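Protein chains: 2
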Amino acid sequence: MSEPLFGLMMDYPLTVTQIMRHAERVYPDGEVVSVTADNPQHRCTYSDVFRRTRQLANVLKTLGATRGDRIATLAWNDYRHLELYYAIQCSGMVCHTINPRLFPEQVQYIVNHAEDQFIFVDKLIFPLVEKLAATFETVKGIVVMTDEANMPETAVDNVHCYETLLAGADEQFDWPELDEQEACALCYTSGTTGNPKGVLYSHRSTVLHALGANSAEGIGFKNRDTILPVVPMFHVNAWAVPYCALMVGSKLVFPGPKMGDGETLANLMNAESVTIALGVPTVWLGLLNHLQESGKTVESLERTVVGGSACPASIMDAFRTQYGVETIHAWGMTEMSPLGTINNPPRGFEAMSEADQAALRVKQGRPAFGVEMKIVDEDDKELPWDGKAFGRLKVRGPWICSAYYKRDDTDAHDADGWFDTGDVSTMDSHGIMQITDRAKDVIKSGGEWISSIDLENVAMSHPDIAEAAVIGVPHEKWAERPLLIVVNKPGKQLSAADVLSHFEGKIAKWWMPDDVQFVDELPHTATGKISKLHLRQQFADYKLPSSAA
Amino acid sequence: MSEPLFGLMMDYPLTVTQIMRHAERVYPDGEVVSVTADNPQHRCTYSDVFRRTRQLANVLKTLGATRGDRIATLAWNDYRHLELYYAIQCSGMVCHTINPRLFPEQVQYIVNHAEDQFIFVDKLIFPLVEKLAATFETVKGIVVMTDEANMPETAVDNVHCYETLLAGADEQFDWPELDEQEACALCYTSGTTGNPKGVLYSHRSTVLHALGANSAEGIGFKNRDTILPVVPMFHVNAWAVPYCALMVGSKLVFPGPKMGDGETLANLMNAESVTIALGVPTVWLGLLNHLQESGKTVESLERTVVGGSACPASIMDAFRTQYGVETIHAWGMTEMSPLGTINNPPRGFEAMSEADQAALRVKQGRPAFGVEMKIVDEDDKELPWDGKAFGRLKVRGPWICSAYYKRDDTDAHDADGWFDTGDVSTMDSHGIMQITDRAKDVIKSGGEWISSIDLENVAMSHPDIAEAAVIGVPHEKWAERPLLIVVNKPGKQLSAADVLSHFEGKIAKWWMPDDVQFVDELPHTATGKISKLHLRQQFADYKLPSSAA
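Top to bottom, those sequences are chains W and Z. For what it's worth, UniProt numbering labels the leading residue of the first sequence as 1, then goes sequentially. For what it's worth, UniProt numbering labels the leading residue of the second sequence as 1, then goes sequentially.
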């Protein structure tokens, strides 16, 4: 016959609506605890959340928002933001989460580029929106996520109160039938160069990503888990926590605006018996400092999932040995929904030596099922998975973006459908990936590559160094050589020689930084990463002593 | 605008090929251990399996099999059956697994109805195929899954040797690009009435089901797991084990033809450090008996997942208290790929009383994300989820069949797209489902329903009863009344009064069986369940003492 035969299975689209329906039906008493600007401890159930979600869908309709509209949120992690996720997405609109820590001109660009119709904004972030309101070209209204008593005074037109709108809205809503390819969410990358680029997630990609992330070998939430997402809901959908948790009925604890505050996090963990928390390394450093200063413990906490940038081994070690908390590395990008790899302990981990375990923990881990990977050299030729060869990391899969929203000027996608992550990595024979650098941060010394990240990790293992960064600076002979930039811990005053002697025996000789410069602080991006771009600008006039260039 | 906006995510189809590619790339040294007819301990890696899978794909091509063809397997669980799954499915053909325990005339019907082009058969099952060969209308060749030395003599034409075919085949193969809606597998239900009905799985449904099953809140395999699937690969794809395990690189231990043998299972568990095993209750009863007789333990075993029929509480208790093994109930059907619900301990389980834990363990559990459920009364009106109301259980979702293969004479699907499971169940407010009966086994007494399963469970809790079944028999006043049929444990001889006194206080008075009959054994179906159909035939002439009817 030689003709395809088609299966006889139900035509059932993968939609966020399906997650909502499952969560409300199977886990009506799932718990949601939030810190908000107007309530330090708000408690409700999934059932409450979805009743209000239906009210919110009616509000959106009444405001005049329709299918396909982009609706912006500028908000911290709390139950109202969760309601917005579901009301917007299940209405067939696009939940456009915006990072309030971006520069105002970036927020302005993003709102206008996305053609947002409405903006939902936290009371604490309202001043930013108020200032920019006149520059928004498509915005028809602004809703402040608070109650009437807490509404800010403003001269801006069309500003509404979230709770007042909800109070008048019907609790019934007929959710539309959606095509699984329809867009549900939009998130702009906080690129360090050029304008931010938008990634437009579909219902299908969102559900598949959540299924992948919820695999036992992924992040793998269970019903018994209590989850503290310290990764913000404005950043790549909080790593899918708002979907994954609801799929299995976990308890959610939202820190609201208190995300960077180690004390609040520790108190929330203990008060709510948090079992798993997710966030960037900076957050865990803050928590660790608070625990060490206060003498508190976090008994219920089993795991933290760390992504965004590589977690220093010292932080992982301290959590494991002093607090009994496993730190699991994960790696991904806005363009990847975000999950790419996760470093769960593999088969045979317990039998490894301490040193091998430690070496493995700092890697980014194995690709989740659903993510295909390859590493390539500068001619796009595939490199072996031997743990040594490192090249540009390319990815492919159902939850990876195929293009940026309304942009055709990027070359991130190749003709065979692979996306270039911009990261440089190794892959070993067990499928374990380790980032060696960002392609643009790697130091090209005499035709060979030096990993800035590897050098930074060595520097960070020095007990007196608070933060460190390595950039490539021009060199007449080698084209580029590494410069190490260091922030001393309070009260410490290292010399360049002290620092460099710490590198001896830990790296290849030719990787040794050519100089060390000390600064009071390093520049950071809106998502808390060190901004190499700004650092390079800062050291634009710097000349290496080893080079006449 | 009011127009749908589509996401910008990669168009990446969900196919079994994707599972194969991931497994081979990320987990090349994943282990596969098999008992086969010609080798009691065959060991290989995923890498070996997929090299041979490519050879097998070339063999299929050379034999003349083409896209869309149904290729039958009649085989036990081993590495060759695994190779067949992937070679057939990733070639765009349909892997039609057939239960060798069916009646020969059923096998004949199924092969001809499916229009199978080739049959791959275990050496031990070859005699069955040989006997039926002349009745197969579409079969062009039969491949015996063994090596040249072990080939049976036969007068049947076109019989090939698996290993001989493979030995000559190229190790490279260009897998075709598949549409995710294409069929990959076919399995006929072993219905107790009428001809078996075929369920035609798609690549999409298979991948989604495997993702759902591999959720941490589903069956949830991890890379560190060693899995013993005692559920046969001819029965609903061995509950997706051949997909789920390979997605995460677990070690697989296949018992081959030794599935019903408690001693082999115990030895395999101990020799290979099995952490999780899956099968029907009969299997675990056999294992338990062997452990108790031999004094062996199963130290590495953490969990068994039990489905197919309800597992008696006594078996669960023995495994938990004597061997430290948790038994997790799961429920599903051939029509559901099969996973419907799973009874993982929910939030707060540890804090429950012993009695509440025990009561919860025997339930079927919460629906996996991806499965929508409702219970309805005889007028198809939805019943509440209160743990009390029981009605016909209907399901909907992306891995549930929409029709039977080449059959339009069933009324299992309603106009709104729900599939009627034929089971009767309750749902409680925590989304936990409990089967109360098969719709056709429920006893309709005076307009009310009595659950045959509930009565059987009470009977099975009697220490001297080996097996028990309840059927409804005609009654002049009540329409039907329950008859209890009992098999005594060896050396025991209970009276009807002994048995009925055991029911007192455990059930509503009007549920009390009207009579007890003793038999030497109960009839079973090909999948090991009690055949109520045959039991009803056996007791067709029986009259209740309480009825003049």
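Since the hints were made in silico from the structure, they are not lab data. Take these hints with a grain of salt, some might be off.
Since the list can't tell identical chains apart, any single copy or any two copies may satisfy a pair.
[What the hints assert, rightly or not] Mimicking DMTMM-like on lysine to aspartate or glutamate, the simulated pairs with C-alpha atoms at most 20 Å apart in a straight line are:
| no. | residue 1 | residue 2 |
| --- | --- | --- |
| 1 | Lys-258 | Glu-476 |
| 2 | Lys-258 | Asp-38 |
| 3 | Lys-374 | Asp-29 |
| 4 | Lys-388 | Asp-29 |
| 5 | Lys-477 | Glu-177 |
| 6 | Lys-444 | Asp-514 |
| 7 | Lys-509 | Asp-454 |
| 8 | Lys-131 | Glu-180 |
| 9 | Lys-444 | Asp-414 |
| 10 | Lys-131 | Glu-177 |
| 11 | Lys-374 | Asp-11 |
| 12 | Lys-492 | Glu-137 |
None of these values were measured; they are calculated from a predicted model.
Which earlier hints turn out false for this structure, listed by number in ascending order?
-> Hints 1, 5, 8, 9, 10, 12 contradicted; others consistent.
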